[in-house]
Amino acid sequence: MYMNNEIVIKVGKLLDEVRNKKPLVHNITNYVTVNDCANILLALGASPIMADDIKEAADITKISSALVINIGTLNERTIESMIASGKKANELNLPVVFDPVGAGASEFRNATTKRILEEVKISVLRGNMSEIKFISGLKSTTKGVDASESDTNIGNDEGINVAKNLATKLNCTVAITGVTDIISDGNRVAILENGDKMLANVTGTGCMTSALVGGFCGVGSDYFIAAIGGIMSMGICGEIASENAGQIGIGSFHIAIIDAISNLNSEIISNMGKAQ
Amino acid sequence: MYMNNEIVIKVGKLLDEVRNKKPLVHNITNYVTVNDCANILLALGASPIMADDIKEAADITKISSALVINIGTLNERTIESMIASGKKANELNLPVVFDPVGAGASEFRNATTKRILEEVKISVLRGNMSEIKFISGLKSTTKGVDASESDTNIGNDEGINVAKNLATKLNCTVAITGVTDIISDGNRVAILENGDKMLANVTGTGCMTSALVGGFCGVGSDYFIAAIGGIMSMGICGEIASENAGQIGIGSFHIAIIDAISNLNSEIISNMGKAQ
Amino acid sequence: MYMNNEIVIKVGKLLDEVRNKKPLVHNITNYVTVNDCANILLALGASPIMADDIKEAADITKISSALVINIGTLNERTIESMIASGKKANELNLPVVFDPVGAGASEFRNATTKRILEEVKISVLRGNMSEIKFISGLKSTTKGVDASESDTNIGNDEGINVAKNLATKLNCTVAITGVTDIISDGNRVAILENGDKMLANVTGTGCMTSALVGGFCGVGSDYFIAAIGGIMSMGICGEIASENAGQIGIGSFHIAIIDAISNLNSEIISNMGKAQ
Chain A
897 MYMNNEIVIK
907 VGKLLDEVRN
917 KKPLVHNITN
927 YVTVNDCANI
937 LLALGASPIM
947 ADDIKEAADI
957 TKISSALVIN
967 IGTLNERTIE
977 SMIASGKKAN
987 ELNLPVVFDP
997 VGAGASEFRN
1007 ATTKRILEEV
1017 KISVLRGNMS
1027 EIKFISGLKS
1037 TTKGVDASES
1047 DTNIGNDEGI
1057 NVAKNLATKL
1067 NCTVAITGVT
1077 DIISDGNRVA
1087 ILENGDKMLA
1097 NVTGTGCMTS
1107 ALVGGFCGVG
1117 SDYFIAAIGG
1127 IMSMGICGEI
1137 ASENAGQIGI
1147 GSFHIAIIDA
1157 ISNLNSEIIS
1167 NMGKAQ
Chain B
897 MYMNNEIVIK
907 VGKLLDEVRN
917 KKPLVHNITN
927 YVTVNDCANI
937 LLALGASPIM
947 ADDIKEAADI
957 TKISSALVIN
967 IGTLNERTIE
977 SMIASGKKAN
987 ELNLPVVFDP
997 VGAGASEFRN
1007 ATTKRILEEV
1017 KISVLRGNMS
1027 EIKFISGLKS
1037 TTKGVDASES
1047 DTNIGNDEGI
1057 NVAKNLATKL
1067 NCTVAITGVT
1077 DIISDGNRVA
1087 ILENGDKMLA
1097 NVTGTGCMTS
1107 ALVGGFCGVG
1117 SDYFIAAIGG
1127 IMSMGICGEI
1137 ASENAGQIGI
1147 GSFHIAIIDA
1157 ISNLNSEIIS
1167 NMGKAQ
Chain C
897 MYMNNEIVIK
907 VGKLLDEVRN
917 KKPLVHNITN
927 YVTVNDCANI
937 LLALGASPIM
947 ADDIKEAADI
957 TKISSALVIN
967 IGTLNERTIE
977 SMIASGKKAN
987 ELNLPVVFDP
997 VGAGASEFRN
1007 ATTKRILEEV
1017 KISVLRGNMS
1027 EIKFISGLKS
1037 TTKGVDASES
1047 DTNIGNDEGI
1057 NVAKNLATKL
1067 NCTVAITGVT
1077 DIISDGNRVA
1087 ILENGDKMLA
1097 NVTGTGCMTS
1107 ALVGGFCGVG
1117 SDYFIAAIGG
1127 IMSMGICGEI
1137 ASENAGQIGI
1147 GSFHIAIIDA
1157 ISNLNSEIIS
1167 NMGKAQ
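Chain order of the listed sequences is A, B and C. Going letter by letter, the first sequence gives residues 897 to 1172 in my numbering. Going letter by letter, the second sequence gives residues 897 to 1172 in my numbering. Going letter by letter, the third sequence gives residues 897 to 1172 in my numbering.
Honestly, the hints are just simulated from the structure, not real lab data. Check before you lean on any hint, since a few could be wrong.
Note that the list lumps identical chains together, so a pair holds whenever it fits in one copy or between two copies.
Stated by the list, open to error - Taking lysine to aspartate or glutamate and the EDC-like style, the derived pairs with C-alpha atoms no more than 20 Å apart in a straight line are:
| # | residue 1 | residue 2 |
| --- | --- | --- |
| 1 | K1017 | E1163 |
| 2 | K1017 | E976 |
| 3 | K958 | E1135 |
| 4 | K918 | D1118 |
| 5 | K1065 | E1045 |
| 6 | K1170 | E902 |
| 7 | K951 | E976 |
| 8 | K1170 | E1139 |
| 9 | K983 | E1003 |
| 10 | K1039 | E1003 |
| 11 | K1039 | D955 |
| 12 | K1010 | D955 |
| 13 | K906 | E1003 |
| 14 | K951 | E1003 |
| 15 | K951 | E972 |
| 16 | K958 | E1003 |
| 17 | K958 | E1015 |
| 18 | K958 | E987 |
| 19 | K1039 | E1089 |
Same shape as in the complex, but just chain A:
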C-alpha cells in the first residue's frame, strides 16, 4: 500500500522549512565523520554546532533546535556530555536523534547504548539492522560498524516487526537503514527504497543520515516524517551522486553526495522519492 504521494509532499515541505528556518543542530558525534556531518547539515540548509565538553554540552543544547547523539568513536569523556545534553533536550522538549554506531561490537558500546536509552527519551533511533536487532535484544551479529549480511538479509516483514516492536517499547521512531529502509513509530510504518549500493563504500553515510534526520527534526514536530525526510534525502542524493560521479570513483561520489543535498528541493523529492 503506497502512500508515496503523501510522504514526498510532507518531506518536500519540511525541507523548505529547514531552508527557511536554518535550525541549529547540536551534534555530539565521532571524530571520523564529523566534518561530513557538519557539511551535510549546511548543505541541507541547517546550521550545525559540535560541542562535547561536559562544561558546555547542555548550554549548547539549550540554544539548539535538535540534538544528535552518535557513539561512533565513543569515549568516557563524552558519555556524560551525551547524557547531560539529552536530559536538557528532554527538559526543553527538543528532539533527540540517537545513532548507536557499532552497538553490539563491544561491551562498552552496549552498556553506553543501554544507559543512553534509559536516561534519555529518544525521538528517533536510527541504525543498521545489526544495531537495531541488538538493541531489541534479538540475536544479531555485527561487523564492526557495519551490519552483518545475515542480519540485513532478513525479509521486510520481519524487519517491520523489529522496527515496530522497538518503536513501541521505546515510544519513539525507529529507523533501520539499509538497502531498504524501514521506519516506524509503532503505529505507522514506511518502507523507503531509494539509495545506491555505493553509499556503503563511503564512511559516515549512516552518520550523515542521522545528522540530516536531526536537521528535519529541528523544524518538524512529527519525528516519524522527519526521520523519513532525512533518510529519503540521503537515498535520493545517493542515486544522484551515483549517476553523476559513480563512474569516477568513491572519492568523487562522496563529494557528489554533498553536492546533491545542497541542490535538493521538493520537486526532486517528489519526482524521485520512493516510499510505501
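Start from chain A and add chains B and C according to the hints.
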C-alpha cells in the same frame, strides 16, 4: 581611500615567502575542520602540525614559526595546552593567531576566551562580528558558531570602531570577517571586499582563514598585513571556487577552495584583491 | 636486480583478496586524517573501524583482522588504548602496523614510540626517513611531521642499510616512504619507485598509506609483501591522481587519490608497479 595597490603587492610578496620558506604552523584546533585546516596550509605552501597534548604542546610550538589557537570544539583537556603553547610562543616572540569560535555561545567558551586573552599575548584575533562584539563587551547575539544577522548588519563605520577599539585595547590586530572584512591594528584599518556567499555554506571556512593567517604570520613580521593576506586569500579563492564549481554544489565548491589556494599567486592577488 | 614481476603479481593477488574478504581493520589514529584513512580502506575493499577508548580498544581489536596504530595527534588518553590493543593483537597473532608520526619532534612522541616498540610486537613499521632514522638511534632532523631534506637526501644504499638494520633489530618489516620507498624485513629488500611529488602536498598520505598496509596485512601472512602492497597502491594511485587531477589543484588531487584506490585492480598494478 583605497590603498589597494600597496596591500595587494605586500600580500603577493608574503605569499611568495610562504611558498619559499614553508613555515611550520602549529595548530591547536577543533576536530570538525582540522583536516581542511591542514590541507589549506599545505595548499598555501606552509607546513601544518597539529598537537594538543599538554605533554608536547609547548615543545611543538618551540619548533614552529606560528601558533594558531581555535576553540571550535573546546574541551578541558586542551585548554591547558593552548595556554602553555601560547606562553611558549610569547616567550619566543612567535606570532599567535586566536580564533574564538562560538565566543558568546556558552559560559565555557566565554570564560576560556577571557582566560586565553588574559594569559597569552595574541598577534591576530580573527572572528565573526558576533564573536568580536562579545569579546569587546558589546551587546551581541550569536547563532552557535555563526554570526547573527543583527550583528552582521551593523554598518562599516561601526564595525571599524569595534575592530579599532578592541585592537587598541588588546594591542593586537583584530580581524572581523563577514561579507565585508574589517581588519585593524588600532592605527591602520583595511576593508576587504572579496569573498562569496557560498563560503558560509561550508563548515570551517572561518577556521581555514585563521589557519591561512597563521601561515602568513609564519613568514611576516607585520601581522596586520599577514592577517589581510590570509583573509584576502580566502576571499579571492572563494570567488574563484564559486566561479569554477559553485554551480555544481557545496561539496565541489569546498574542494575548489583548496584547489584555488594551491594555485594562488601574486598575480591573481594583484588582479583580484579588493582592499580599501 | 628487478623482481618487479614477482612483486606486482603478489600484490595484485593480495588486492583481490582484500576485495573478497573485506577485512575489518582497527585504527587507533589521529583526528586530522582519520576520515581519509577510513575512506581509503573502504576504497581498497576493507572495512575500517576506529575505536580508541581503553574500555573497548582491545575488544574491537579482538574482532578485527589487523590493527593500525598512528600517533599523529598523540594524547595521554589513547596511549594505554594503543598498548592494550597492541598486546591483544599480539596475543591473537594479528598484524600490527605502527606509524610513528612525528617521532623525533617532541619528547612525548619519542617516549611513546619507544614504549610502543618495547611493549608491542610490530609487524610493519612505516615512517618517513626522519622518523625511521630517529627510531634507529641515528642522527636525524625532522620538520614536524615531515621528513627533513637532509634526511631524505641520503642515498638508496644508506637507506637500505637503515631499513634492513632496524628490521633485523625489531624483527619486523620496516618501510621508509619518500620519493623512493625502501622496504625490508631484514632479509628481503624492495625499492619502490611509484608516486608523485603532489602526495606531499596533501595531509595524511602517509597515514593513508599505513592504513592501506593494514588492509593488505588483514588478508596476508607475508607482511613484507603486504607493506609493499599498501605502499605501491598509494604510489600508483598518486600517479593516476596526478594525471587525472593534478592540473586542477590539491583539493581535486586529494579526491582523485581515493577515486584511484577504488578503481585499482591487479591489472593496473601489473602495468604500473615499479619495484626492484
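A quick look at each hint next to the structure:
no.: 1; hint: K1017 with E1163; in the structure: neither (34 Å within a copy, 53 Å between copies)
no.: 2; hint: K1017 with E976; in the structure: within (15 Å within a copy, 34 Å between copies)
no.: 3; hint: K958 with E1135; in the structure: neither (36 Å within a copy, 36 Å between copies)
no.: 4; hint: K918 with D1118; in the structure: within (18 Å within a copy, 39 Å between copies)
no.: 5; hint: K1065 with E1045; in the structure: neither (26 Å within a copy, 43 Å between copies)
no.: 6; hint: K1170 with E902; in the structure: within (11 Å within a copy, 50 Å between copies)
no.: 7; hint: K951 with E976; in the structure: both (10 Å within a copy, 15 Å between copies)
no.: 8; hint: K1170 with E1139; in the structure: within (17 Å within a copy, 34 Å between copies)
no.: 9; hint: K983 with E1003; in the structure: between (23 Å within a copy, 19 Å between copies)
no.: 10; hint: K1039 with E1003; in the structure: within (14 Å within a copy, 38 Å between copies)
no.: 11; hint: K1039 with D955; in the structure: between (36 Å within a copy, 13 Å between copies)
no.: 12; hint: K1010 with D955; in the structure: between (24 Å within a copy, 18 Å between copies)
no.: 13; hint: K906 with E1003; in the structure: neither (39 Å within a copy, 38 Å between copies)
no.: 14; hint: K951 with E1003; in the structure: between (27 Å within a copy, 8 Å between copies)
no.: 15; hint: K951 with E972; in the structure: both (15 Å within a copy, 8 Å between copies)
no.: 16; hint: K958 with E1003; in the structure: between (31 Å within a copy, 12 Å between copies)
no.: 17; hint: K958 with E1015; in the structure: within (18 Å within a copy, 30 Å between copies)
no.: 18; hint: K958 with E987; in the structure: within (10 Å within a copy, 40 Å between copies)
no.: 19; hint: K1039 with E1089; in the structure: neither (23 Å within a copy, 36 Å between copies)
Checked against the numbered hints listed earlier, the structure breaks hints 1, 3, 5, 13 and 19; every other hint is satisfied.
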